[in-house]
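A.B. asks: Given chain A, work out where chain B with the ligands should sit, using these hints.
These protein sequences, in sequence, are chains A and B. In our numbering, each number is its position in the first sequence, counted from 1, plus 100. In our numbering, each number is its position in the second sequence, counted from 1, plus 100.
Bear in mind the hints are in silico, worked out from the structure with no lab data behind them. Check before you lean on any hint, since a few could be wrong.
Remember, identical chains collapse to one label, so a pair may be satisfied in a single copy or spanning two.
[Unchecked claim] With a cut-off of at most 30 Å between alpha-carbon atoms, the simulated DSSO-like pairs for lysine-lysine come out as follows: (1) 188 with 130; (2) 188 with 128; (3) 162 with 188; (4) 128 with 261; (5) 279 with 170; (6) 286 with 151; (7) 261 with 130; (8) 279 with 162; (9) 162 with 278; (10) 103 with 286; (11) 261 with 279; (12) 236 with 151; (13) 170 with 254; (14) 254 with 130; (15) 162 with 261; (16) 103 with 278; (17) 254 with 162; (18) 236 with 170; (19) 128 with 286.
Number of protein chains: 2
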Amino acid sequence: MAKQLVFGHQNPDTDAIAAAIAYAYLEKQKGYDTEAVALGEPNDETQYALKYFRTDAPRVVKTVSNEVDKVMLVDHNEPQQSAPDIDKVTVTHVIDHHRIQNFNTAQPLYYHAEPVGCVSTIIYEEYQMAGVEIPKNIAGLMASAIISDTLLLKSPTTTAKDRTALAALAQEAGIDPKKYGLTMLKAGTNIAGKPAAE
Amino acid sequence: MAKQLVFGHQNPDTDAIAAAIAYAYLEKQKGYDTEAVALGEPNDETQYALKYFRTDAPRVVKTVSNEVDKVMLVDHNEPQQSAPDIDKVTVTHVIDHHRIQNFNTAQPLYYHAEPVGCVSTIIYEEYQMAGVEIPKNIAGLMASAIISDTLLLKSPTTTAKDRTALAALAQEAGIDPKKYGLTMLKAGTNIAGKPAAE
Ligand SMILES: [Mn+2]
Ligand SMILES: [Mn+2]
Ligand SMILES: [Mn+2]
Ligand SMILES: [Mn+2]
Chain A
101 MAKQLVFGHQ
111 NPDTDAIAAA
121 IAYAYLEKQK
131 GYDTEAVALG
141 EPNDETQYAL
151 KYFRTDAPRV
161 VKTVSNEVDK
171 VMLVDHNEPQ
181 QSAPDIDKVT
191 VTHVIDHHRI
201 QNFNTAQPLY
211 YHAEPVGCVS
221 TIIYEEYQMA
231 GVEIPKNIAG
241 LMASAIISDT
251 LLLKSPTTTA
261 KDRTALAALA
271 QEAGIDPKKY
281 GLTMLKAGTN
291 IAGKPAAE
Chain B
101 MAKQLVFGHQ
111 NPDTDAIAAA
121 IAYAYLEKQK
131 GYDTEAVALG
141 EPNDETQYAL
151 KYFRTDAPRV
161 VKTVSNEVDK
171 VMLVDHNEPQ
181 QSAPDIDKVT
191 VTHVIDHHRI
201 QNFNTAQPLY
211 YHAEPVGCVS
221 TIIYEEYQMA
231 GVEIPKNIAG
241 LMASAIISDT
251 LLLKSPTTTA
261 KDRTALAALA
271 QEAGIDPKKY
281 GLTMLKAGTN
291 IAGKPAAE
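Bound conformation, chain A alone (with noise of 0.2 Å):
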């Protein structure tokens, strides 16, 4: 089966990384040749979120028809948000909690969507459904991507899928979701790398 890449979209946050690396090794498991890309390195939040569950940052990639026929889009579905040469790739999945805009196909895709806080809580939901078990540093950082995501549960998006889905998580990654949410979070905010003036 020829490669596909698999990336969220441009200025990348925490779970567009999160969701990449772990819907890359779902898909793998299920047969497909997948390797989780970026289309931007990962900030602060992100970066110290990689640090703590010993993953290395995906690749970063300018375009990706130059490398593959087929692509996979997380945390994104709009053009405008993904690889500037997206209209020369076939999109065969698309994993996502945002509306859907200007997102046009000429064949069949699997897309599967839920109105949640955080996609990796619905990816969370397809390791489920296909019976494969998360490796703690992924599910670290798919916990990381929710907490980010929904401020810790705190913001208006969160659903109880997410509630639940971080629950299990952390307890898989050996975290306690609000200590180290909180570190998490303050690492994002970082004043280290902003202009000294501030």
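C.D. replies: What follows is chain B with the ligands alone, placed relative to chain A:
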């Protein structure tokens, strides 16, 4: 919870009708106030299936925004194939097996599409995920839809999931898929009602 209409595409085929009935029932078990309707009269094949499984045809509606604010779509997503006033309501759920074209939403929604031969195959999965038992007559209609869309599992769009779903639904409905299916497909090509010259 405000009432929602559930419907398939214009000029409904057996899948559009069966999927509306099956998904409306499933979502009702989840607490939604749903009614399956249709954007046209059932064709000869569908009428045969409805009669065989002693199920009333869904009410035919010309427009939807005069009745409800929110709808669920099955077996289509393209506005051109939907209710003429689809732009005046909010689509909260889509279950489909077609390409995505000109389908835009203002808000996140539940969207479950897979590249399989029949949308009733996906709805069978939805019942399994929800742990809801399929009533015998609805199982029969879903089996009829798979037989119709895949021409008894012979169309090139047929997948392993369609085979699995048809076998399970046929057993549930107490039919022999081949024997029942050939009679149903034949009913759809009935010369009754066709011009006398033929
Ligand atoms: Mn995001
Ligand atoms: Mn997200
Ligand atoms: Mn149809
Ligand atoms: Mn269909």
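A.B. asks: When no copy is named, should residue 128 and residue 261 be tagged within, between, both, or neither for a Cα gap of at most 30 Å?
C.D. replies: both (25 Å within a copy, 19 Å between copies)
A.B. asks: Pop the pair residue 236 and residue 170 into one bin, within, between, both or neither, using alpha-carbon distances up to 30 Å.
C.D. replies: within (28 Å within a copy, 40 Å between copies)
A.B. asks: When Cα atoms must be at most 30 Å apart, do residue 286 and residue 151 count as within-copy, between-copy, both, or neither?
C.D. replies: Answer is within; shortest intra-copy Cα gap is 15 Å, inter-copy 63 Å.
A.B. asks: Is the C-alpha distance from residue 103 to residue 286 at most 30 Å within one copy, between copies, in both cases, or in neither?
C.D. replies: So residue 103 and residue 286 fail the 30 Å test inside a copy (37 Å) and across (44 Å) alike.
A.B. asks: If the cutoff is 30 Å on CA atoms, where do residue 279 and residue 170 land: within, between, both or neither? Let me know, please.
C.D. replies: Neither. Shortest intra-copy (40 Å) and inter-copy (40 Å) distances fail the 30 Å Cα cut-off.
A.B. asks: Give the relationship of residue 236 and residue 151 under a CA distance limit of 30 Å: within one copy only, between copies only, both, or neither.
C.D. replies: within (14 Å within a copy, 53 Å between copies)
A.B. asks: From the Cα coordinates, with 30 Å as the cut-off, is the pair residue 254 and residue 162 best called within, between, both, or neither?
C.D. replies: Answer is neither: 34 Å inside a copy and 43 Å across each miss the 30 Å cutoff.
A.B. asks: My question is about residue 188 and residue 128: at a cut-off of 30 Å on alpha-carbon distance, are they close within one copy, between copies, both, or neither?
C.D. replies: within (23 Å within a copy, 41 Å between copies)
A.B. asks: Treating 30 Å as the Cα threshold, decide for residue 279 and residue 162: within, between, both or neither.
C.D. replies: Cα proximity of residue 279 and residue 162: none, with 36 Å in one copy and 55 Å across.
A.B. asks: Between the shortest in-copy and the shortest cross-copy C-alpha distance, which are at most 30 Å for residue 162 and residue 188: within, between, both, or neither?
C.D. replies: Within one copy only: 14 Å inside a chain, 39 Å across chains, cut-off 30 Å.
A.B. asks: At most 30 Å between alpha carbons: which applies to residue 162 and residue 278, within, between, both or neither?
C.D. replies: Neither way: residue 162 and residue 278 sit 35 Å apart in one copy and 52 Å across, limit 30 Å.
A.B. asks: How would you classify residue 103 and residue 278 at a CA-CA limit of 30 Å: within, between, both, or neither?
C.D. replies: neither (38 Å within a copy, 39 Å between copies)
In this structure, the hints that do not hold are numbers 5, 8, 9, 10, 15, 16, 17, 19, in rising order.
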